[in-house]
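Modelling step: build the complete structure from the supplied sequences, incorporating the hints.
So you can see what is in the structure, the chains are spelled out below.
Protein chains: 2
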Amino acid sequence: MAEFLPEPRPDEMDLLMVLSALADPHRLRIALALAKAPDAVLPCTAFELPVTKATRTHHFRILREAGVIRQYDHGNGRSNQLRLADLRQRFPGILTTLLAG
Amino acid sequence: MAEFLPEPRPDEMDLLMVLSALADPHRLRIALALAKAPDAVLPCTAFELPVTKATRTHHFRILREAGVIRQYDHGNGRSNQLRLADLRQRFPGILTTLLAG
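Taken in sequence, the protein lines are chains A and B. Going by UniProt numbering, 59 is the number at position 59 of the first sequence; the sequence numbering is gapless. Going by UniProt numbering, 62 is the number at position 62 of the second sequence; the sequence numbering is gapless.
Calculated directly from the structure, the hints in this document are not laboratory data. Computed from a predicted structure; not experimentally measured. No residue lacks a Cβ here, since even glycine has one placed at the ideal position from N, Cα and C. One or more hints might be untrue.
What the hints assert, rightly or not - Restraint-style ranges between C-beta atoms, simulated for each label pair:
(1) A:P25 <-> B:A37: 40 to 48 Å
(2) B:Y72 <-> A:K36: 33 to 41 Å
(3) A:Q81 <-> B:K53: 42 to 50 Å
(4) A:P38 <-> B:D14: 19 to 27 Å
(5) B:A85 <-> A:T52: 37 to 45 Å
(6) B:P50 <-> A:L99: 31 to 39 Å
(7) A:L99 <-> B:H58: 25 to 33 Å
(8) A:V41 <-> B:R9: 32 to 40 Å
(9) B:D39 <-> A:Q81: 34 to 42 Å
(10) B:L32 <-> A:A100: 16 to 24 Å
(11) A:V51 <-> B:K53: 35 to 43 Å
(12) A:T45 <-> B:L84: 20 to 28 Å
Claimed, not checked - To give an idea of the chain A side of the interface with chain B (calculated C-beta under 8 Å), a few residues:
(13) L16
(14) L19
(15) S20
(16) P25
Okay, structure coming up:
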């Protein structure tokens, strides 16, 4: 059974952490892809990032710890989903900004 | 007479550059202060930043080059204003996000 990995509650999310998480070309690409398909739950391997597996794992972790994405651990891999409702509640406007970029 | 310093046009603004400009505690503090008083034109010295003058100049330059602020050069100093209309046009939602943070 898939398990959630630890993530901040909406009231624990910090604007500077979210901005820092998004201020990287690979992480912004991941967030944009998820923002364009907000109901999707996608495995890390679905994102064609030109980085090592360890670096890819790192980028997803930064996004999760900032509260941008939720990660499910399947044992043999992780899948990812945008925290749409939480982001909208905590930082209204941020998805509009991302999708306008 | 005060002169504008070079800045990107709205269509030249880049989301990653804007996020990177804001993803720093000092620069976010400057942007938030200006976002809370969007009509204000404030000298660099109005922001109490615990950094050297050169570092302060650097932070304002990063914000200007990303398109977040407009800078006026008075010869003996610079003043700063949020590019409210341009930000709203190019990245709708971003001010709402900042002020919710």
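Hints versus structure:
| no. | hint | verdict |
| --- | --- | --- |
| 1 | A:P25 <-> B:A37: 40 to 48 Å | 32 Å, violated |
| 2 | B:Y72 <-> A:K36: 33 to 41 Å | 39 Å, holds |
| 3 | A:Q81 <-> B:K53: 42 to 50 Å | 46 Å, holds |
| 4 | A:P38 <-> B:D14: 19 to 27 Å | 23 Å, holds |
| 5 | B:A85 <-> A:T52: 37 to 45 Å | 43 Å, holds |
| 6 | B:P50 <-> A:L99: 31 to 39 Å | 36 Å, holds |
| 7 | A:L99 <-> B:H58: 25 to 33 Å | 31 Å, holds |
| 8 | A:V41 <-> B:R9: 32 to 40 Å | 39 Å, holds |
| 9 | B:D39 <-> A:Q81: 34 to 42 Å | 40 Å, holds |
| 10 | B:L32 <-> A:A100: 16 to 24 Å | 20 Å, holds |
| 11 | A:V51 <-> B:K53: 35 to 43 Å | 38 Å, holds |
| 12 | A:T45 <-> B:L84: 20 to 28 Å | 42 Å, violated |
| 13 | L16 | 6 Å, holds |
| 14 | L19 | 4 Å, holds |
| 15 | S20 | 4 Å, holds |
| 16 | P25 | 6 Å, holds |
Of the hints listed earlier, those the structure fails to meet are numbers 1 and 12, in rising order.
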